[in-house]
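Engineer: Single-letter residue listing:
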Amino acid sequence: MKIQILGTGCAKCKKLAKNAETAAQELHLEYELVKVTDIQEITAFGVLMTPALAIDGQVKLSGKAPSVKELKGLLST
Amino acid sequence: MDHQTDEDMTTEGTAQRNFLSKHLGVKIGLFLIVWFLLYRQLLPLARFLSYDLIGLQLESHLGSAVEFFLYDTPKVLMLLILVVFGVGVLRSFITPELTRQILAGRRESTGNVLAALLGVVTPFCSCSAVPLFIGFVTAGIPLGITFSFLISAPMVNEIALVLLFGLLGWKIAALYFVTGILIATIAGWTIGRMKLENYVEDWVREMQVNQAAMPDNRQSWEDRVRFGIEAVRDIVGRVWLYVVIGILIGAAIHGFVPENFMASIMGKSAWWSVPVSVLIGIPMYTNAAGIIPVVEALLGKGAALGTVLAFMMSVIALSFPEMVILRKVLKPRLIATFIAVVGAGILLVGYLFNLII
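Protein chains in written order, with this note's numbering: chain A, 1 to 77; chain B, 1 to 357.
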């Protein structure tokens with residue numbers, strides 16, 4: 001599973017990356033976490049608000065940094 | 001919204017869900033009553049603390065400064081919590097994607113007004129100004145309408161309105177709201193008329209964005225209430241320090257700066273004070289929470305309302321960091337036009353209010 005965190009490095013982006021990492025570890029997933037910080041790449045995903053999270057190239061959420069619990073739900077579906 | 005599948009999470013999740021969802025309306029009602037009762041006690045409490053408990057002299061410099069601080073800080077923070085919560089719940093309905101859908105295909109003028117109004121309620125942070133700009137422009141929303149949105153979103157926001165209401169009364173808050181929307185509408189419309197599409201960076205125009213489908217935004221009321229609570233935690237957690245520092249400075253001005261001191265510098269008679277205020281405001285970067293308590297104190301010392309309003313708008317709407325962010329998608333000439341047009345609008349507002357009030 002490829003988890004991409006889209007964001008230019010604001011406080012919320014860092015929180016999202018950290019929470020996603022924790023969630024993936026707690027679920028014992030085989031994953032690769034990539035931070036996409038280039039603005040051109042981010043906009044190519046079509047998101048309007050950062051931070052956003054994409055799983056295998058598909059945007060799953062944008063504009064918020066949810067809790068580890070909520071992210072676990074997102075990652076396990 | 002996602003539905004949890006993990007086993008222990010489901011039980012934990014439902015437990016929390018039940019706690020909030022049980023008598024959701026009753027809980028919110030109770031919260032409002034407690035809030036209101038507490039709010040009404042603030043002034044007597046501040047007076048008791050500063051004059052009876054600390055024993056300061058009534059009408060003394062230090063006394064009035066301490067009272068101002070002890071009354072206004074909790075008042076503004078309480079108002080912030082209430083309004084940020086309400087706006088947070090409202091915003092759970094309005095995603096930027098929805099705003100884009102509403103604005104796409106609108107004609108100019110009505111589109112400009114709509115964009116300025118939606119800028120107030122759509123969730124926005126200057127850090128995502130660039131993806132938002134590109135998302136709007138590639139969806140075929142005219143440049144001028146996009147700018148109306150980008151001007152009003154940071155300038156007319158719930159934090160500024162709460163502070164103005166709490167510190168200066170509803171009339172000035174309403175005045176700020178109306179003039180802010182007007183500037184955003186007219187400035188955006190003007191930029192649209194100038195046909196500056198060529199001054200958007202080339203890579204943006206060549207960009208092929210796959211328009212992501214509207215994400216499913218069906219949520220339960222519990223989720224929306226939780227979204228509101230989250231907004232309070234996030235926003236109030238971020239700005240409370242600015243509020244306290246701002247009110248501290250305001251309190252110092254209140255207590256120690258002589259009456260009419262500001263009249264000669266920021267008063268009506270000094271015609272040059274409006275442009276100077278706007279110019280000083282551009283590089284200054286603070287949010288509404290920090291600047292409005294200071295502005296309130298300046299008004300009390302003889303500064304003219306128009307001048308002060310212009311200063312405040314310039315500080316909030318024309319910020320240097322946002323220009324740096326926007327420079328990635330706009331060529332310098334378009335940035336300069338943006339600053340000039342918005343600056344001119346603010347100047348006009350400043351002179352207008354100095355003239356009529």
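Just so you know, the hints here were simulated from the structure itself, not pulled from any lab data.
It is possible that some hints are incorrect.
[Claimed, not checked] Beyond 12 Å from chain B on every Cβ pair, some chain A residues (computed):
no.	residue
1	K12
2	V47
3	M49
4	D56
5	K64
[To be verified] In silico SDA-like links for lysine to any residue, alpha-carbon gap of 25 Å or less:
no.	chain 1	residue 1	chain 2	residue 2
6	A	K64	B	R193
7	B	K331	A	T8
8	A	K35	B	L326
9	A	K15	B	R47
10	B	K331	A	K15
11	A	K60	B	G169
12	A	K14	B	A340
13	A	K15	B	I325
14	A	K15	A	S76
15	B	K268	B	K331
16	B	K301	B	K331
17	B	K75	B	A104
18	A	K2	A	A17
19	A	K15	B	F36
20	A	K12	B	I81
Where is the CB? At the ideal position from N, CA and C, for every residue including glycine.
Engineer: Going by Cβ atoms, does D56(A) stay more than 12 Å from chain B at every point?
Structural biologist: At roughly 15 Å from the nearest Cβ of chain B, D56(A) sits farther out than 12 Å, so the non-interface label holds.
Engineer: Given the hint that K331(B) pairs with T8(A), test it: the Cα-Cα distance must not exceed 25 Å.
Structural biologist: holds, 20 Å
Engineer: Hint check: K15(A) vs R47(B), CA-CA at most 25 Å. Holds or violated?
Structural biologist: violated, 42 Å
Engineer: Does the claim that K64(A) lies outside the interface with chain B hold up, using a Cβ gap greater than 12 Å?
Structural biologist: Per Cβ check, K64(A) is inside 12 Å of chain B; nearest 8 Å; violated.
Engineer: Just to be careful, I want the Cα atoms of K268(B) and K331(B) compared with a cutoff of 25 Å; is the pair within it?
Structural biologist: violated, 37 Å
Engineer: Hinted pair, alpha-carbon criterion (25 Å max): K15(A), I325(B). Please report holds or violated.
Structural biologist: holds, 21 Å
Engineer: With d taken as the least Cβ-Cβ distance between K12(A) and chain B, does d exceed 12 Å?
Structural biologist: At about 8 Å from chain B, K12(A) fails to clear the 12 Å cut-off, so the statement is violated.
Engineer: Can the restraint linking K12(A) and I81(B) be considered satisfied, given a maximum Cα separation of 25 Å?
Structural biologist: holds, 20 Å
Engineer: Need the status of pair K301(B), K331(B): alpha-carbon distance at most 25 Å?
Structural biologist: This hinted pair is violated, its Cα atoms lying about 42 Å apart.
Engineer: Does A17(A) lie within 25 Å of K2(A) when you go C-alpha to C-alpha?
Structural biologist: Given pair K2(A), A17(A) holds - Cα atoms ~13 Å apart, limit 25 Å.
Engineer: Does R193(B) lie within 25 Å of K64(A) when you go C-alpha to C-alpha?
Structural biologist: Violated, at about 35 Å.
Engineer: Measure nothing beyond the straight line between the CA atoms of K60(A) and G169(B); if it is 25 Å or shorter, mark the hint as holding.
Structural biologist: Violated, because 43 Å separates the two Cα atoms, which is more than 25 Å.
Hint check: violations occur at hints 1, 2, 3, 5, 6, 9, 10, 11, 12, 15, 16, 17, 19; the rest are consistent with the structure.
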